Amino acid sequence: MKYLFQWAAFGSALLTAAIFVILYLLSLPLLSQGTLWTVLWQPWDPQHGSFGIYPMVVTSLSSAFVAVAISTPLCFGCALFITQYGPRNIRRWMLNLVRLMGSIPTVVYGFTALFLLVPRMREALGGSGLNIATASLILALLIAPTLILFFVDSITQSSQRDCHTVTALGGTRAQVIRHAVLPQAWPGLVNGILLGLGRAMGDTLISLMLAGNSVQTPDALTDSARTLTAHIALVIAADVASLEFRSLFACAIVLYLFSALLVIGVRWINHSQPLSQRRML
Amino acid sequence: MNPREKIRLSNLNFFYGKKPILRDICLTVYPGEITAICGPSGSGKSTLLTVFNALWKDDEHARVHGTACLSLDGQHCNLLHPEITLETLRRRVGMVFQTPNPLPMSIQANVAFPLKLAGEKMSPQVAGQVENVLRRVHLWEEVKDRLHHDARQLSGGQQQRLCMARSLILEPDVLLLDEPTSSLDPEASQHIEALMVELKPLCTQILISHDPLQVQRIADRHHFLHQGRLVTQPH
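These protein sequence lines are chains A and B, in that order. Here the first sequence stands for residues 247 to 527, where the numbers follow my numbering. Here the second sequence stands for residues 21 to 255, where the numbers follow my numbering.
Which residues of chain A face chain B? A few of them, derived with a C-beta cut under 7 Å, are:
1. T411
2. A414
3. G416
4. G417
5. T418
6. Q421
Since the hints were made in silico from the structure, they are not lab data. Only a predicted model underlies this, so the values are computations on that prediction, with no experimental measurement involved. We put the beta carbon where it would ideally sit given N, CA and C, even for glycine.
If we strip away everything but chain A, and leave its shape as in the complex, we get (with noise of 0.2 Å):
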């Protein structure tokens, strides 16, 4: 039995390791021309045999840090209402409601903000509607259900003896918060982000149906762009021998880097030391 385990965890070791060699060997075609670098700093422009992936790195990457940036602080508040001020029923419906919005298909989302957000972002920002602001808003909606049972997690797991003897020491709700509560549970709040940011990097659909798809660097948020996903899910119906379609499993790189650096970053977190022991006086 020991064994048989052993093999299926070295057999996904193996697998994830085959797919960055898989993917690389398929890149190659086009990887051969020059390197991984300049596809990502090149544009993009098949027509004059150019297939850089910049614009789609670009627009990725804005999208992903502005839905985490506008859902972080909201999900935190919403954390903190489920594990210490909400009343207890509440909290419980709070939470099941939070479930059940990680549960909804990202297509609903994509859907339901194309009638309902799009047209208002026509009329504030101008232009289709269509853009990363679009995108990102939603972006934010989709992750916050990650971040939130991320941070009631962290939170509930924080030692209640420290939350005790704050309290009885005459500190306030807040200050139980940021002495007893903060400092246990940060690793936890920076994973969920981490993975929340992952999970905004890595979505398509609704990059797909409410950034615009535009080829373009984008110079602000109301710009219409396009994202790798989204960019991949684009161009995966040109010829496979062309180098266009190569292009792809560059893209695919990129993500599966950047994946990995997420991993890394919260293996790191939870095996630094915890900044409790850093707050000597």
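On the provided structure of chain A, position chain B as indicated by the hints.
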């Protein structure tokens, strides 16, 4: 309430949900004394202690009926009043828990922490207060060269004295001690007992204890709780 009394509980009933934990408690605590509350596990001793600093109010399942009065600066404070300022009350009624509970910060930061909660910043004056209170609990000589070290590196007995110092820095009127020596070795327990006797002129103490000998040694009065009822009166 008699002016000689520090705390008076009358017909106090404590419910957790629908379950009665304390029934018809009538208890008087006198200033400058050590009042011990004994009883078997689950008799409601620690629950009773939470009435004195209103810690029960943080649990939404807990309900208390009856009268609980505390004399503070000559004024009578109703501990069960819904509008009572909990933070102010808890700064006047300190608490030391069963297990030493230093916060994950330095020795100095731990002792100064209640002052920080009250809005004071670290200053030479606060450092002086920290030194005074550490001297009072006879811990200064042991820690003066490592004030910036993690408080959790101290021994159990030292940690408990540190927790007492932390409670004393606010000069509380009442100190609640929830079995403060139960997790300590005999020598460390002796230190804590001696300290409690020394503190009698400074504050009123309410001690929860399982140890009848300890109660005999240091308590001025004792009460016995059984199944949520106070079954013996002070001698």
